[in-house]
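J.: Each chain, written out:
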Amino acid sequence: MHEQNHLELTSVTIDFPTDKGPFRALDKVNLKIRKSEFISLIGHSGCGKSTVLNIVAGLNRATEGGVILNGKEVVEPGPERAVVFQHHSLLPWLSAYENIELGVKQVFRGKKSKAEMREWIEHNLDLVHMTHARDKRPDEISGGMKQRVGIARALAMQPEVLLMDEPFGALDALTRARLQDSLMEIHAALGNTVIMITHDVDEAVLLSDRIVMMTNGPAATIGEVLHIDLERPRKRLVLADDPQYNHYRSEVLKFLYERQKQPGENDGQAQTEAPDASEPEKTAELRVVSA
Amino acid sequence: MRTDTMADKYQAFNFRTLDRLLNFLSTENISANASKLITSIGIPLAALGVFLMLWSVLAAQVQTSLGVLPGPAKVWEQMMTLVDEHQAEREKEAAFFERQEKRNATKLASNPDAQVKIRPYTGQATFFDQIWTSLLTVATGFIIASLIAIPIGILTGMSQTLYTAFNPIIQLFKPISPLAWLPIVTMVVSAVYVSKDPMFAKSFLTSAITVTLCCLWPTIINTAVGVSSVDKDLINVSRVLRLPWLTRTVKIILPSSIPMMFTGLRLSLGIGWMVLIAAEMLAQNPGLGKFVWDEFQNGSSNSLARIMVAVLVIGFIGFLLDRGMLMLQRRFSWDKSAVLR
Chain G
65 MHEQNHLELT SVTIDFPTDK GPFRALDKVN LKIRKSEFIS LIGHSGCGKS TVLNIVAGLN
125 RATEGGVILN GKEVVEPGPE RAVVFQHHSL LPWLSAYENI ELGVKQVFRG KKSKAEMREW
185 IEHNLDLVHM THARDKRPDE ISGGMKQRVG IARALAMQPE VLLMDEPFGA LDALTRARLQ
245 DSLMEIHAAL GNTVIMITHD VDEAVLLSDR IVMMTNGPAA TIGEVLHIDL ERPRKRLVLA
305 DDPQYNHYRS EVLKFLYERQ KQPGENDGQA QTEAPDASEP EKTAELRVVS A
Chain V
322 MRTDTMADKY QAFNFRTLDR LLNFLSTENI SANASKLITS IGIPLAALGV FLMLWSVLAA
382 QVQTSLGVLP GPAKVWEQMM TLVDEHQAER EKEAAFFERQ EKRNATKLAS NPDAQVKIRP
442 YTGQATFFDQ IWTSLLTVAT GFIIASLIAI PIGILTGMSQ TLYTAFNPII QLFKPISPLA
502 WLPIVTMVVS AVYVSKDPMF AKSFLTSAIT VTLCCLWPTI INTAVGVSSV DKDLINVSRV
562 LRLPWLTRTV KIILPSSIPM MFTGLRLSLG IGWMVLIAAE MLAQNPGLGK FVWDEFQNGS
622 SNSLARIMVA VLVIGFIGFL LDRGMLMLQR RFSWDKSAVL R
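Residue numbers (the numbering used here), protein chains in the order written: chain G, 65 to 355; chain V, 322 to 662.
For the record, the hints were derived by calculation from the structure and aren't laboratory data.
Do not rely on the hints blindly, as some may be mistaken.
To be verified - In silico DSS-like links for lysine-lysine, alpha-carbon gap of 27 Å or less:
1. V:K553 to G:K169
2. V:K553 to G:K200
3. G:K299 to G:K325
4. V:K553 to G:K84
5. G:K175 to G:K99
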């Protein structure tokens, strides 16, 4: 394991201005990520996971500290750090092909010919198994298919880092499993560095090389980092009975439900919520039962 | 053997029940279809019937200086008179041109170098000519307003500074009645639009500009709201892609604000049509508004019925204009799922 610092978060701290003065959402987040590593960010709602992702994407600027990718500081968004949004964010008036084309035209202008671009777009559609829906618009395809197109759009930018904000959060369990398998395939083939936010403990253990567990906000930071030493390619059915896999799962669960209780359980401590706190998160709990 | 017959019987019974069931279902279907038909056509028809009945009963109670307030029958009769007048006028016009042609032909036959004059027909404008004038005027005013309002809406939607700058002005001018604008517009038009051979009549310009002034605001406001409320994720997509300003505007901001833009345009056209009638009355633009005003001044025993014809036609055209905008919206908007009312 050669330590080559590819993506580095150093003492990332962010304050959001509020009426009652600055609200510290993140406090001194430090993380070093190797090339091709798959990182999951897990934590309760409002712990600033999305904020971390947005800072890496360049959509938010850290108040203190910063992010360095390949020796260069991240100061603005860019296609080398592609984002897959939770709600697909496809342009509703464009077909799947045209949605991907928008990015490809921008990134490969002057580098690829028209024919090469078309081939590249079709290749990426094929990668997510969406060739059949090439000319369908987002409102004509299912949620899982939209998310596949969203992933294809991100991949088509040929990003070094793929940032995924709960990409499968809004999907049903079966669709989610299929997309996780697709994502593992793609990651094995392309070797992008991935940072994925999730609420799903199984998803985190199945996909990640490391799981970064975050403490509750305000002033959230990294609580623990769990290395997942499971051989790839991983098969969910085989792993279901694997004692090591189940050990990792219970480690994450213990962190979430013993060391970091749900905000609100530790009375009144976390009344101000970070900007990304939106829905009450019961999903992680439910998934434990269904697993 | 015995079991066989039992089975046969059972089968026969089964078929019969099936048959009956199918019959039942089909009559059920028919009655379901019938009830759908009744709700979609019958109810509006019944409401219309009740309305006409109340109208004819109640109108007969009102005695005005121009006679009894006309009921539906009288209005229908006047409608037919207006159609007849229109046809008579067209015949007169055709006859006029025929006479002129003949005269010119004989003139040319006797002297091939003769200068022939072709005079335009200057007969009375009929009700239907006036409808046409009104449509032309409202279209002119509305198109000018849209050409001004959409760019302003886009700019104010995109820039908070421009929005802050424009907002007080918009809010101030929005509630102004067309009747208040009209004298000012009239004076400005007669001062500025001085031409020996005017392309448009002054009354036409005055009415159209008044329509423009009242049509601007809903389009500006709705376009600005549409542009400023583009989904934040879509904006983030464009930031991640580093789309240049123009591409971002054309590919993301404009398409996503089109539904709101059309809402604004529809409101504007509706307001414009209402404003036009008032403007035409006062500016004496030869459209529906002038027709109503002239009939009112005329004060014959048929005037009220003729005004009511105009009122109904105004309503019907307003409805058609709205439907027309709706069809345009369906044609141009990506958001086919939007509820269109």
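J.: Now tell me, hint by hint, if it's right for this structure.
T.: Structure-based check of all given hints:
{"no.": "1", "hint": "V:K553 to G:K169", "result": "holds, 22 Å"}
{"no.": "2", "hint": "V:K553 to G:K200", "result": "holds, 23 Å"}
{"no.": "3", "hint": "G:K299 to G:K325", "result": "violated, 31 Å"}
{"no.": "4", "hint": "V:K553 to G:K84", "result": "holds, 25 Å"}
{"no.": "5", "hint": "G:K175 to G:K99", "result": "holds, 24 Å"}
This entry does not satisfy hint 3, going by the numbered hints stated previously; all others are met.
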